[in-house]
Amino acid sequence: MSFDLRLRRRLGGRTIALDCVADARLIALIGPSGVGKTSILNMVAGLRRPDEGHVRIGGDTLFDSASGIDRPAEDRHAGYLFQDLRLFPHMRVERNLRYGRRPGGALSEDEVLAFLGIGHLLHRMPPTLSGGEAQRVAIGRALLSAPRFLLMDEPLSGVDRARREEILRLIERVRDELRLPILYVTHDLHEAERLADRIVEMPDG
Amino acid sequence: MDFSLSPQDWTVIGLSLKISLVAVTTMLPIAFALAWILARWRFPGKLLLDALVHLPLVVPPVVTGWLLLLLFGINGPIGSRLDQWFGVTLLFRWTGAALAAAIMAMPLMVRAMRLSIESVDRRLEQAAQTLGASPLRRFLSISLPLSLPGIFAGAMLGFARSIGEFGATITFVSDIPGETRTLPIAIYAALQVPGAEAAVSRFAIISVLLSLGALLISEILARRATQGRMPHVL
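Those sequence lines, one after another, are chains A and B. When the first sequence is numbered by our numbering, its final residue is 205 and no position is left out of the sequence of numbers. When the second sequence is numbered by our numbering, its final residue is 439 and no position is left out of the sequence of numbers.
Certain hints may be false.
Claimed, not checked - On the chain A side, residues computed to face chain B include the following (Cβ under 8 Å): (1) 47; (2) 84; (3) 115.
Said to hold, decoys possible - In silico contact screen, one side only, chain A against chain B (beta carbon under 10 Å); selected entries: (4) 46; (5) 58; (6) 61; (7) 79; (8) 117; (9) 178.
What the hints contain is simulated information worked out from the structure, not anything from laboratory work. Where a beta carbon is used, it is the ideal one built from N, C-alpha and C, also for glycine.
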């Protein structure tokens, strides 16, 4: 099983919950905004603590409230592509890319640069990048950290229409060529149907 | 008006600079730690700490000087131990003037630093965390560089405040030429002497120039920092 997720977290008056066991390359988590899709990603990444449940990915237990396992976010090896990208604004692209570099990644640095077509951006500062460029740098930064799985939060939201197709193809290539399990959040059913081999709908409220 | 500076004048200027520099550099890490705690930590008694930090800003400076006298005087709880253990006396020394200046500068330094720490985007630290960065590395590579403009601003304010410090200093370490007679104290002393208007205006102009210089230097430093490495922090 690539993903075995069971998460509960009470937030305000409601409960964010997900039960999902799937052997899928890409699971799309779909639902209207505000149902807690990003919270789910944060719990999987270790940035938020679920009240109860477990997170197992590729046979690795990252969190289990029953046995008290809670690996800190820095040890979970998640490649998290945030919706707002979160490139470090005070570092050049090159330092951003190398920030989380760990050995054992599927691709070398040169391969990542070629794969994403960002070799010419290395000396730029993040605020000077276009939406599509910043998106590719953020993907590159996640890939270079040798992740064991990827979390993608609405990766098309900050990209203009003309660049959407390009980023979609890139995500398909990451999915097919790198063979990293991907948990993908979107509110767009078409996007989910195109990319996912499993779609999980988050209930409203 | 005669603007040539006597050796005594230079002593006053040098002493003021030395005291302010020592005060600010000593207070810098302490103020940053306080700013960090006030910006990031949650604990009971935080309001009290916040109030204590701001106390020198609102209490009459002469009261702060008197409290320093009680604490760091020869028989004070801290002063007596400094003397016994290290043979160090702050009373009537330039080091005491630096302590008074540092205490008086602290609230302004902490405020400026706290604001800039609070404006650091915590989500960037989370991103660094998912990329495997330890708490120390997150601090050194993200939080600290992104709050540098506020650290510069705080140091600048602290320096300007130290140059102007008068009340707590004269109460704590008195007016000793060559040891504790800083610019404001020299101005006050000159005002007590009939016919010393020239000295007063010389010192006053120097005070203004020093403060202006401190402002300009820190502006340039902050601007260089923002242009070179942190384009959209300020």
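Tested hints:
Interface hint at residue 47 of chain A: satisfied, since its Cβ lies 5 Å from the closest Cβ of chain B, which is below the 8 Å cut-off. Proximity of residue 84 of chain A to chain B holds as hinted, the smallest CB-CB distance being about 7 Å (cut-off 8 Å). Using the Cβ-Cβ criterion of 8 Å, the hint placing residue 115 of chain A at the interface with chain B is not satisfied: the shortest such distance is roughly 19 Å. Interface restraint check for residue 46 of chain A: the shortest CB-CB distance to chain B comes to about 8 Å, inside 10 Å, so the restraint holds.
Proximity of residue 58 of chain A to chain B is violated relative to the hint, the smallest CB-CB distance being about 17 Å (cut-off 10 Å). At a threshold of 10 Å, the smallest CB-CB gap from residue 61 of chain A to chain B is about 18 Å, leaving the interface hint violated. For residue 79 of chain A, the interface hint holds, since its Cβ comes within 10 Å of a Cβ in chain B; the closest pair sits about 8 Å apart. Given hint, residue 117 of chain A at the interface with chain B, is violated; its Cβ is 22 Å from that chain's nearest Cβ, farther than 10 Å.
With a least beta-carbon distance of about 17 Å to chain B, the hint placing residue 178 of chain A at the interface is violated under the 10 Å criterion.
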